[in-house]
Amino acid sequence: MDEDRIRELIDDVKGGRLSRRSFIETMVGLGLTAPLATQMLTTVGVAHAQTRPSPGLNPTKRGGGGRLRLLWWQAPTLLNGHFATGTKDQDAARPVYEPLCAFDPDGNFVPILAGEAPTLQNGGLTKDGKTVTWRLKKGVQWHDGKPFTADDVIFTWEWVADPATSSLNITAYQDIDRIDRVDDHTAKVTFKEPRAFWYDAFFGVRGYILPKHLFKDYRGNNARNAPQNLKPIGTGPYKIVDFKPGDSARFEINPSYHVPNRPFFDQVELKGGGDATSAARAVLQTGEFDFAWNMQVEWDVLKRLAEGGKGIISQSTTGNIEHIQVNQTDPWTEVEGERSSIKTKHPLFQDVAFRQAIALLVDRATVAEELYGPGGQATGNFLNAPDKFRSKNTKWEFSIDKANKLLDEAGYKRGSDGFRLGKDGKRIKLVFQTSTNSLRQKNQAIIKQACAKAGLDMELKSVVASVFFSSDPANPDTYSHFYADLQMFNTTMVSPDPQFFMNQFLSGQAAQKSNKWGFRNPTRYRNPEYDKLWSAAEAEFDPVKRAAMFVRMNDIVVNDVVVVPENWRRRSTAVSKQLHGMDLSGWDSDLWHLAYWYREA
Amino acid sequence: MPKYVLRRVLIAIPVLLGISVVLFSVLALAPGDPFEELATNANVPPEVAQRLRAQFGLDDPLPLRYVRWLTSMVRGDWGFSFQSRMNVEELILQRLPVSLFVLGSAYVLALCVALPIGILSAVRPYSLFDQIATTVAFFGFSLPTFFTGLMFILVFSIWLDWLPFIYRSDIDATGWRWIVAHAKQAIMPVAVLGLFEGATLTRFVRASVLEVVRLDYVNTARAKGVSERWVIGKHVVRNALIPVVTIIALQVPTIFAGAVVTEQIFRVPGIGSLLIAAILASDTPVVMAITFVYSVLVVAFNLIADVIYGWLDPRISFS
Numbered sequence: 001m002d003e004d005r006i007r008e009l010i011d012d013v014k015g016g017r018l019s020r021r022s023f024i025e026t027m028v029g030l031g032l033t034a035p036l037a038t039q040m041l042t043t044v045g046v047a048h049a050q051t052r053p054s055p056g057l058n059p060t061k062r063g064g065g066g067r068l069r070l071l072w073w074q075a076p077t078l079l080n081g082h083f084a085t086g087t088k089d090q091d092a093a094r095p096v097y098e099p100l101c102a103f104d105p106d107g108n109f110v111p112i113l114a115g116e117a118p119t120l121q122n123g124g125l126t127k128d129g130k131t132v133t134w135r136l137k138k139g140v141q142w143h144d145g146k147p148f149t150a151d152d153v154i155f156t157w158e159w160v161a162d163p164a165t166s167s168l169n170i171t172a173y174q175d176i177d178r179i180d181r182v183d184d185h186t187a188k189v190t191f192k193e194p195r196a197f198w199y200d201a202f203f204g205v206r207g208y209i210l211p212k213h214l215f216k217d218y219r220g221n222n223a224r225n226a227p228q229n230l231k232p233i234g235t236g237p238y239k240i241v242d243f244k245p246g247d248s249a250r251f252e253i254n255p256s257y258h259v260p261n262r263p264f265f266d267q268v269e270l271k272g273g274g275d276a277t278s279a280a281r282a283v284l285q286t287g288e289f290d291f292a293w294n295m296q297v298e299w300d301v302l303k304r305l306a307e308g309g310k311g312i313i314s315q316s317t318t319g320n321i322e323h324i325q326v327n328q329t330d331p332w333t334e335v336e337g338e339r340s341s342i343k344t345k346h347p348l349f350q351d352v353a354f355r356q357a358i359a360l361l362v363d364r365a366t367v368a369e370e371l372y373g374p375g376g377q378a379t380g381n382f383l384n385a386p387d388k389f390r391s392k393n394t395k396w397e398f399s400i401d402k403a404n405k406l407l408d409e410a411g412y413k414r415g416s417d418g419f420r421l422g423k424d425g426k427r428i429k430l431v432f433q434t435s436t437n438s439l440r441q442k443n444q445a446i447i448k449q450a451c452a453k454a455g456l457d458m459e460l461k462s463v464v465a466s467v468f469f470s471s472d473p474a475n476p477d478t479y480s481h482f483y484a485d486l487q488m489f490n491t492t493m494v495s496p497d498p499q500f501f502m503n504q505f506l507s508g509q510a511a512q513k514s515n516k517w518g519f520r521n522p523t524r525y526r527n528p529e530y531d532k533l534w535s536a537a538e539a540e541f542d543p544v545k546r547a548a549m550f551v552r553m554n555d556i557v558v559n560d561v562v563v564v565p566e567n568w569r570r571r572s573t574a575v576s577k578q579l580h581g582m583d584l585s586g587w588d589s590d591l592w593h594l595a596y597w598y599r600e601a
Numbered sequence: 001m002p003k004y005v006l007r008r009v010l011i012a013i014p015v016l017l018g019i020s021v022v023l024f025s026v027l028a029l030a031p032g033d034p035f036e037e038l039a040t041n042a043n044v045p046p047e048v049a050q051r052l053r054a055q056f057g058l059d060d061p062l063p064l065r066y067v068r069w070l071t072s073m074v075r076g077d078w079g080f081s082f083q084s085r086m087n088v089e090e091l092i093l094q095r096l097p098v099s100l101f102v103l104g105s106a107y108v109l110a111l112c113v114a115l116p117i118g119i120l121s122a123v124r125p126y127s128l129f130d131q132i133a134t135t136v137a138f139f140g141f142s143l144p145t146f147f148t149g150l151m152f153i154l155v156f157s158i159w160l161d162w163l164p165f166i167y168r169s170d171i172d173a174t175g176w177r178w179i180v181a182h183a184k185q186a187i188m189p190v191a192v193l194g195l196f197e198g199a200t201l202t203r204f205v206r207a208s209v210l211e212v213v214r215l216d217y218v219n220t221a222r223a224k225g226v227s228e229r230w231v232i233g234k235h236v237v238r239n240a241l242i243p244v245v246t247i248i249a250l251q252v253p254t255i256f257a258g259a260v261v262t263e264q265i266f267r268v269p270g271i272g273s274l275l276i277a278a279i280l281a282s283d284t285p286v287v288m289a290i291t292f293v294y295s296v297l298v299v300a301f302n303l304i305a306d307v308i309y310g311w312l313d314p315r316i317s318f319s
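Chains as they are written, first to last, in our numbering: chain A, 1 to 601; chain B, 1 to 319.
Hints are not guaranteed to be accurate.
[Said to hold, decoys possible] Which residues of chain B face chain A? A few of them, derived with a C-beta cut under 10 Å, are:
| id | residue |
| --- | --- |
| 1 | 57 |
| 2 | 58 |
| 3 | 71 |
| 4 | 176 |
[Claimed, not checked] Sample of chain A residues facing chain B (criterion: CB under 7 Å; computed from the structure):
| id | residue |
| --- | --- |
| 5 | 146 |
| 6 | 166 |
| 7 | 194 |
| 8 | 219 |
| 9 | 222 |
| 10 | 226 |
| 11 | 519 |
[As the list claims (entries may be wrong)] So these bits of chain A aren't anywhere near chain B, every CB distance computed over 10 Å:
| id | residue |
| --- | --- |
| 12 | 116 |
| 13 | 128 |
| 14 | 246 |
| 15 | 276 |
| 16 | 286 |
| 17 | 339 |
| 18 | 392 |
| 19 | 441 |
| 20 | 452 |
| 21 | 466 |
| 22 | 471 |
| 23 | 472 |
| 24 | 518 |
| 25 | 561 |
Derived from the structure by calculation, the hints contain no laboratory data.
Remember, it's a predicted structure, so these values are computed and weren't measured experimentally.
Glycine included, each C-beta is placed from N, C-alpha and C at the ideal position.
If we strip away everything but chain B, and leave its shape as in the complex, we get (with noise of 0.2 Å):
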């Protein structure tokens, strides 16, 4: 197992490299600029806006970009925005607990929802209640967060005036009232990311669910007496669940930067905001080291995925 992890971690230097020169290329090649704005303002002389062309390097050749980028990587220099001068790791740190707030709720909503209904769908499938369930679980996920995410302040803020559709990172209040203040603000996000999550994984839950509970051993413990909620309780769940797991485990990086459209609706400042607000405005630091780490989390990830699955799975062998 150790010598297993080794060799996958050995692989992943030269996918995650390979990734950083594909990454740095693309945004090096795309149109753009991040003194778009100066070019139409009369009072700028172009000498300024090619100065700092200059030095922000990008007149050097696209091949010295990319091993300065890469040294000062290593070296944990993450270099400073275009847009802010401020440096990287600063301003992703400064996302990063709104990220994990709204995204870690919304996934725990997801499981919340996903795993009693699509057991309980599974369990008794083709039932009424299966039936329903399959039917939300169906439109939830084929209906994108942009769309939900539109209709939910249409209903919910100007409907109703029950929400307020504009996440504000700093509340004037204190105390018990900050926190109403901070949830009522993330119900709403938190809904439209977790719903559609929730969606997929109820799926995957009841189908899984599904192939277990129909096994031999399954009827085996039905039949030597096993009273229905311990076989559902022990024998499916625990089995089907091992699939669900590794899926919520190649999920989690997405945490760090999934929510690019809800984020924007709601004006959440995380980093999927941070990230789209970069590639517009043509800040290439900033886009590749999100880009970057979340790669980097990927691979991770998959690697976590594998090890915990046959961690789970005794029938697995890493060899």
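Same shape as in the complex, but just chain A (with noise of 0.2 Å):
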């Protein structure tokens, strides 16, 4: 790289064309050291990352919006982060509970309780990997007036990481040895061993800070009875009026936030419940409400509601990926008690050939096309998102041609009446199955067509959705009993970072039944190269060589085709027309920015 191009790339990051996060990795790769490429950027008047430029509005005092209207399909159940089922209670609490830092449409680092996000320059990170030091902000009151210290952020990993709290943010916690307190406003971090990932804990939806004051008499056990989990009292924009479990969830301004001049609405009601489609109504059509969250709606129908004129369809990206699972196990023979057994072989899918002709007859293009439009992208990788990780080395095509003829070279013969038999002589019937959703059941129909004229049978088998994906042991119909050939289902990136996302390909996290088919791995893929792979990348600092770490194992289980990664989705949420500022973003909860949202008269 030139120097032209160096300039190019400076000028890039100017004029946010190109985010300073990613020029610094560029030239991190080029083998300049990172303070070198701040350096560079700071030459030129690029200021640092620390705070988000606001859009749009700049007001000159707080409030006076207002009342604003959100709905969510889903209704929030409790209001606590760190026990929430779903997104509908991580979202329901962020008006009030805040993280040290969220996480912006990049996956950048945006500091909220933290007086900066640490990073090596500012020392905030030390090289060993294994500290962390957080400045946090100062001047900052929970609701009830009592200042927040670096007790909080304490006592907060101290409460999350015990396992008799059952908290659901536990992994991101549980790593940590200690915390210590260096002053009021200064907690350093530290991990039990070198942790390449550690911007999880006290980071977005996983990130939220409780008030030490207020949950130390309810720990362990006991946390199920705090008052907070219903009412609580956090540092956010916003406080708790009232909240009906399951239905909706008031809050009013905190007229002490600790941004000045902000947020912009008085007041703001979550209600809770319904459907996706008519959630879509009310904003597009009708304008009962201001935004409607995850519109997981047909684009057909969403297209059409849109035309209402009230608003608009909003697209945020995620990691999110609809995929069909290639059962490396037998899922017809039983041995010691359960099918699919890691002790067996599937009889067709051992063959790679016939791996590589299933992945030829997805008809990714037609899907994206006909069933998600511009709520999803074709791919032909599993790990899609942040952009860094998304690997350049795979393709993907649809030729039942190149099938047909694959199929035919390793020796599967066609029977008398098209279909073509195994090596055994009997003819082949796949069976693939999925969660009941008429999009999916579509998307199988779609697929089934072109194995059909590929010579291959293929039964259809759907699940409801509150079984597939239950953790239920003795239901044989979930997606991690995985007893058939192929299944498909979304998965969900939760977080930027995806060393998390990546496991469910580890030997050691095949379901079996010795642990209940509670582990991550349902398609029982085991190979070392991979294993050895991701345990490399969860201690490697260097940010290229870790996501060129990550985008080998993508490619190690596209080109071995353990799944067929088929689109590529984004987050749709509905939103008024007047409605600015959100800033939506896939890897944090839709209401991260809420500060800073504003309506236009």
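Take the two lone chains and join them into the complex the hints point to.
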């Protein structure tokens, strides 16, 4: 890369076309040190990206915006983010509780309760990857007037990491060895092992800081009884007024919010329940509400509703992927009381040619066009986001001819009825399961048709979502039992770091009877190379090298056809035309930037 | 009479026990899991889900779980919701006012429609009024509430833009504007439920009046020269309404949880929507509490209906 190109890149950063982080990562990839790269930016006047420029409105006073009406078609049931069973609860708690840092749409860190995001440059991170020093924002108050200090941060860790609490965020906190209180507003976190993915605890939806003075009597088994689970007291831009579990939550402005002249709205109402389509209608057609969450509605329907003219559909990038899993074990043979046992091999899928043929028969373009519209994009990668983790080495195509050729060459002859026979001479019949959902059933039909053209007979099976995704060890129809040849569902990527997301192909995670099918790898793929890469990535601190490892992991599972990635999903929301400043991020709650939302008259 | 009531109450105990056993086993055997969302979340380790199962007692054998539920229920402890970790009785009490308001108004509306129309069309059977009333009533109870509900939304919210179709429990207004806003949002759900119930009730009232109007004593009254108004009011309607009162008494428990579909369509935060949400989330303690309260009400009002019937109609004896 020559000087001109680097200058061009710096200009891109200045003009906002390239994020600061990716510039620095590119430079580091070229062998420069990160401080040097930062220096290059500072000399041309690009400020340290610590606070986000507030888009649009720059108010001179707090409040005055009236009431903001939010519609979630799943109703929140409790307001403690660490007990949240779904995004609905995390979102409903967000106006009140705040993390130390949030994630913006590109996965960058935005300090909220932290004074600044820890970096190597500011001494917040150490080279050994074991400590993170948080400098907290000063002058922040809880809604009851008590000051926010390092003690609250330490307490939040102790509370969440206690197994008796049964918090769902425990994985983010349990690897912390200790947190030292340096002073009132400085806390030094020490991890048990060097940790590349340190930005998990205290970040985004998993990082809500709890007030020590209110939760200290509600630890462990007693955590459920904390009155603040339903009536939270936090540091956020809004205070809770009234909460009816399963129905609605009402908030009012926090007059002493720690960001000057924010927030804009005086009250926030979050109504829950109903269905996605009528929620879209209430924003797009009748304008009864200003914002509706997660529009899981067929694109055709959504498009027609948007013609109502009251609102628009906004898409945000996520890492969520609709994909087909290929069973590596034999679902039709029972070994020691379980089918799909890791002691078996799938009779057909152990042949790589057969697996490749299946990948060729998935018509991703048609699925993307006809079923998901702008709500998704056809992809050949399992790991698609953030950008730096997306592989450029894979390709995908849909070709019945090539699939036929592969199957012919591999010796799967056609029987008298045109359908192919297995090596044992029996007619092949693949069972393809998914959850009950009109899009998925249409998707199944598209694949079944293509397979029939290649001489593969397929039986489609759909299981009610509440069964398919359940953790009930006694039910053989769950996705983690995977008693079928192929299955399809959407995996959500919860944080902008792929470490946990990619654990679903680890040998040690194979779901089986011994772990009550509770583990994360239903394909039961076992590849020592993959396992090694995953462990190495956990302790790799060079972001460029680490990204390369994840790209390699993606390439392994895609090329080995353990999965056939199908559609890279976006998160759609319905937003009133007057509402601005949301800056929706696929890596954080929809309400992460709520203090900056405003309405144009 | 007291003896009869006592006997019925004593019989009710084993009946309710039986009902609770059936409910409990059906819920326990039904597939589904309160921790469904956790399963696909990569960040939640399986141990947490398993610990929660154990903590909520889902791993214990069915009979043990039932006995535990029964003993705490007898002691007045209804358990807590898996979803909100709130006590079930609080959750139900929070929803009760809305349910009573919407369903109560719907029943009042149903009576206001059914009584005059039913009586008038029975007094002049096969007249034009009767023909129209019976036809409309026929349509009314043939159309399910989910259909009429959606039609109402389409017409009154989307085409005409007169009424909101999302029911909000807190409204940002005070004084008469608060009342108007509440009335406006209640119109559609109340109308949908009220007209459906009203249609059924109209046919019932009509049939019942028709039966009495032909009886000899009515003719005798007319022959005596009693005015038509007096004949209908005093001799016909009073006797014809005895079975109608019974029907209404039997319907009262449905006010508690009878509007699952309508509440879902209009997002009314009543007990029906609590029930359906709890069923979808496999929130067993909530489902159990609502269905059990409902069965207690059904059993109780059956008894009340029988007692009222005997009181209204002296020909019935309880011995």
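Which hints, by number, does the structure contradict? 1, 3, 4, 5, 7, 8, 9, 10, 14, 16, 21, 22, 23, 24
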